[in-house]
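Novice: Each chain, written out:
2 protein chains.
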Amino acid sequence: VKRNTAPARGMRDLLPAQVELRDHCAAVIQRAYERFGYRRVETPAVEHIGLLTGSGGGENEKLIFRILKRGEKLDLEAGGGLDELVEFGLRYDLTVPLARFYAEHAAELPNPFRALQIGPVWRAERPQRGRYRQFTQCDIDILGEAGELAEVELIQATSAALSALGLTDFQVRLNDRRLLAALVRGCGFAEGALPEVFIAVDKLDKVGLEGVLEEVRGKGHPDGALRRLQDALAAALAPEAARGAPVPEGVALDAEGEAAAERLAAVRTLASPGLPPGVELLFDPTLVRGMGYYTGALFEVSVPGYPFSFAGGGRYDRMLGGLIGREVPACGFSIGFERVVLALEERGVQPEGRPSRVALLHAPELSAAVVVAAAGLLRAAGRAVATLPQRKKLARQLDELATQGFDGFVVLEPGRAPDVRSFQSA
Amino acid sequence: VKRNTAPARGMRDLLPAQVELRDHCAAVIQRAYERFGYRRVETPAVEHIGLLTGSGGGENEKLIFRILKRGEKLDLEAGGGLDELVEFGLRYDLTVPLARFYAEHAAELPNPFRALQIGPVWRAERPQRGRYRQFTQCDIDILGEAGELAEVELIQATSAALSALGLTDFQVRLNDRRLLAALVRGCGFAEGALPEVFIAVDKLDKVGLEGVLEEVRGKGHPDGALRRLQDALAAALAPEAARGAPVPEGVALDAEGEAAAERLAAVRTLASPGLPPGVELLFDPTLVRGMGYYTGALFEVSVPGYPFSFAGGGRYDRMLGGLIGREVPACGFSIGFERVVLALEERGVQPEGRPSRVALLHAPELSAAVVVAAAGLLRAAGRAVATLPQRKKLARQLDELATQGFDGFVVLEPGRAPDVRSFQSA
Numbered sequence: 017v018k019r020n021t022a023p024a025r026g027m028r029d030l031l032p033a034q035v036e037l038r039d040h041c042a043a044v045i046q047r048a049y050e051r052f053g054y055r056r057v058e059t060p061a062v063e064h065i066g067l068l069t070g071s072g073g074g075e076n077e078k079l080i081f082r083i084l085k086r087g088e089k090l091d092l093e094a095g096g097g098l099d100e101l102v103e104f105g106l107r108y109d110l111t112v113p114l115a116r117f118y119a120e121h122a123a124e125l126p127n128p129f130r131a132l133q134i135g136p137v138w139r140a141e142r143p144q145r146g147r148y149r150q151f152t153q154c155d156i157d158i159l160g161e162a163g164e165l166a167e168v169e170l171i172q173a174t175s176a177a178l179s180a181l182g183l184t185d186f187q188v189r190l191n192d193r194r195l196l197a198a199l200v201r202g203c204g205f206a207e208g209a210l211p212e213v214f215i216a217v218d219k220l221d222k223v224g225l226e227g228v229l230e231e232v233r234g235k236g237h238p239d240g241a242l243r244r245l246q247d248a249l250a251a252a253l254a255p256e257a258a259r260g261a262p263v264p265e266g267v268a269l270d271a272e273g274e275a276a277a278e279r280l281a282a283v284r285t286l287a288s289p290g291l292p293p294g295v296e297l298l299f300d301p302t303l304v305r306g307m308g309y310y311t312g313a314l315f316e317v318s319v320p321g322y323p324f325s326f327a328g329g330g331r332y333d334r335m336l337g338g339l340i341g342r343e344v345p346a347c348g349f350s351i352g353f354e355r356v357v358l359a360l361e362e363r364g365v366q367p368e369g370r371p372s373r374v375a376l377l378h379a380p381e382l383s384a385a386v387v388v389a390a391a392g393l394l395r396a397a398g399r400a401v402a403t404l405p406q407r408k409k410l411a412r413q414l415d416e417l418a419t420q421g422f423d424g425f426v427v428l429e430p431g432r433a434p435d436v437r438s439f440q441s442a
Numbered sequence: 017v018k019r020n021t022a023p024a025r026g027m028r029d030l031l032p033a034q035v036e037l038r039d040h041c042a043a044v045i046q047r048a049y050e051r052f053g054y055r056r057v058e059t060p061a062v063e064h065i066g067l068l069t070g071s072g073g074g075e076n077e078k079l080i081f082r083i084l085k086r087g088e089k090l091d092l093e094a095g096g097g098l099d100e101l102v103e104f105g106l107r108y109d110l111t112v113p114l115a116r117f118y119a120e121h122a123a124e125l126p127n128p129f130r131a132l133q134i135g136p137v138w139r140a141e142r143p144q145r146g147r148y149r150q151f152t153q154c155d156i157d158i159l160g161e162a163g164e165l166a167e168v169e170l171i172q173a174t175s176a177a178l179s180a181l182g183l184t185d186f187q188v189r190l191n192d193r194r195l196l197a198a199l200v201r202g203c204g205f206a207e208g209a210l211p212e213v214f215i216a217v218d219k220l221d222k223v224g225l226e227g228v229l230e231e232v233r234g235k236g237h238p239d240g241a242l243r244r245l246q247d248a249l250a251a252a253l254a255p256e257a258a259r260g261a262p263v264p265e266g267v268a269l270d271a272e273g274e275a276a277a278e279r280l281a282a283v284r285t286l287a288s289p290g291l292p293p294g295v296e297l298l299f300d301p302t303l304v305r306g307m308g309y310y311t312g313a314l315f316e317v318s319v320p321g322y323p324f325s326f327a328g329g330g331r332y333d334r335m336l337g338g339l340i341g342r343e344v345p346a347c348g349f350s351i352g353f354e355r356v357v358l359a360l361e362e363r364g365v366q367p368e369g370r371p372s373r374v375a376l377l378h379a380p381e382l383s384a385a386v387v388v389a390a391a392g393l394l395r396a397a398g399r400a401v402a403t404l405p406q407r408k409k410l411a412r413q414l415d416e417l418a419t420q421g422f423d424g425f426v427v428l429e430p431g432r433a434p435d436v437r438s439f440q441s442a
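Chains as they are written, first to last, in the numbering used here: chain A, 17 to 442; chain B, 17 to 442.
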């Protein structure tokens, strides 16, 4: 009897070709980031439940996989509910653990500290196509740099990483939430309506300008505010606006907004010369990004032909204070690792530089000594060799091996001169 | 106020230099195994609790981190105890998930299938020095190969991997549990006493011959059995015995034992010519290895100067049957990844081939444009560059940077010709 051997619901197994492509992506990204001074750190998969639920994780906190207490700590009869039973949880992102890591180790780390993290996170989301309950995140963060050098570097480094992966001709969109606030205020919306309008504008990519207005309409906003929002968004979306100034002409900014706009303009001027060919930095005052912890610049990478962003990030200067007991400026950029892998898979990208994989098919009448010696010889010649018993239906076996990632084969049998044949030329 | 930011009890954070050494170890091991046809696969960290508790994991099953059910599945009032609350668990090894993986995907995989796994596992052990509740395992397994080609290849491949890591002049000890059984039976112990004697012999490395006898003594075993065991173990431990035959002269074998001895001798003869220089294959009929699932050959790697083994494995032909519904011969070898990393750390091994890491120290009066341009130039020259604000106490800053993994530095300030200096030569 065969038992149910599917992975846990919403999780997945990764076969050799999938792991190879993922490792390739991770290695390319890591090499690119290392040139900007980023080094990989790792934190455990498991964190104290109190850290995970008290760090502004928003909706993600509802998706935590909770780990039971153990031994005498676990009292099923205590009746204290969930909190009494749970000690740890699986991390739902890499930002909260990084904040804890930095609070714990800052004295041993350079200042500013540049971290690269590539690792799995877990979220108990309703499983759906292309969305998994364990998936890989890929973040860089610079902690302790308050100046615009941080934003400039994150943009240049992430552009270099995506470009090295073969994703070219993309746009990095740039905003500061204070600019969108000024724009919405300038249209005549009340201060209290801002969050609601932000949420609507955040869907611009998916529902279009008319969809955004539809969501805001009929909620008692002042006369003309909606019409002015329509005009302002249309102006912001005009291609010439994206290359001009952080906000469209006519948007009134307060002193704080003015400073944000100036800084954003400086980031664009400073970062643009160091971008890979085909990459452009654009202003987009409609860029929102969901997480509430952002305090300054926001970035997002759009690749033409894909309806989602490949990377996003921003400045979050107030997250670490609660853990460390002093304010630490922080800025991060996260590559959508799973999306990158999917895109490269669709493009049929083959990792390079690996040794050629040869299947050594041995006839049953051969002695083990002959097979071991032949495999050793081929390995000495630089091939990766897997020995397999030759099957009766050789043609079918060869077809299968070609689909299983072998580059070539040798048929080893008495009375036949051994010859390494490639599947490509066969 | 600074909150408690230590990792969860028994877990650890990995700093950049630690991650770099671990990545180096994993890459060297992977390259070595790939030449033998092994390819990496991955399974999720989370498995159904029923798989984890019903797969012969022995003591490890008691150490599972259990994950709570969620949403409406979780009924705290049901009163059914632990089983009612738990749906998943964190994997405690890579063998049980591999068996599930193979049962699920065998049709898409070559036969025999060669798997390499390098990944974290979790065990809720009492934390102690050098033992962590999340640690990395590194296994190769060949599934579907019943012949001694499997043992020969695992031994050669693992020897090549350890040798590539710089661990040379080691011994691979070889046994089959049926041989130790014959030896113990031949001493006059009753069949029912075998497990107890095995457990004692398993401690030979730690407690010595006298310690083993002490444990067996005074339990009503037949007259002379203890003395004969002493003689037989002493004979087995003699250096000449290790290079002679699988069991010492005079040990009587039944037909099954005879076949095991013959096969083991063949494995040594076949594998030895392909071993890296300084590596020797020795018979050791006292080798037990704890796991109950082994059915044939057993191996263990001892490196002189270390009181523990660096790798171990064996044949386990009856584990996969229960999951797949048909017998699948299987054989595996597991490298003690954490021990390898510790040994290389102690030896001060530095990963090679990475770009030189330069700290670009910029004076406060410099414009961001100058800093960005200078960093870009150095990167174009092949360096990995991290920009850092120059501190007032430059000498102290340089000392810190040298310990933080930088290879060199540039002081960028007005009126000073920039120059890349190495910490080595400074």
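Please note that the accuracy of each hint is not assured.
One copy or two, either will do: identical chains are not told apart, so a pair holds if it fits within one copy or between any two.
Said to hold, decoys possible - Keeping only pairs whose Cα atoms sit at most 20 Å apart, straight-line, the calculated SDA-like set for lysine to any residue is:
{"#": "1", "residue 1": "Lys85", "residue 2": "Arg25"}
{"#": "2", "residue 1": "Lys89", "residue 2": "Glu77"}
{"#": "3", "residue 1": "Lys235", "residue 2": "Arg342"}
{"#": "4", "residue 1": "Lys408", "residue 2": "Arg437"}
{"#": "5", "residue 1": "Lys408", "residue 2": "Asp333"}
Read the hints as simulated data drawn from the structure, not as lab findings.
Owing to the predicted nature of the structure, the values given are computational and were not obtained by experimental measurement.
Novice: Using 20 Å as the alpha-carbon threshold, which applies to Lys408 and Asp333: within, between, both, or neither?
Specialist: For Lys408 and Asp333, the Cα distance exceeds 20 Å both inside one copy (67 Å) and across copies (25 Å).
Novice: Given identical chains, is Lys235 near Arg342, meaning Cα to Cα at most 20 Å, within a copy, between copies, both, or neither?
Specialist: neither (41 Å within a copy, 65 Å between copies)
Novice: Measure nothing new, just compare the shortest in-copy and cross-copy C-alpha distances for Lys85 and Arg25 to 20 Å and report within, between, both or neither.
Specialist: For Lys85 and Arg25, the Cα distance is within 20 Å only across copies (12 Å; inside one copy 23 Å).
Novice: Regarding Lys89 and Glu77, is the shortest C-alpha distance of 20 Å or less found within a copy, between copies, in both, or in neither?
Specialist: between (23 Å within a copy, 18 Å between copies)
Novice: Please sort Lys408 with Arg437 into within, between, both or neither, judging by C-alpha distance up to 20 Å.
Specialist: Answer is within; shortest intra-copy Cα gap is 19 Å, inter-copy 66 Å.
Violated hints for the displayed structure, listed by number in ascending order: 3, 5.
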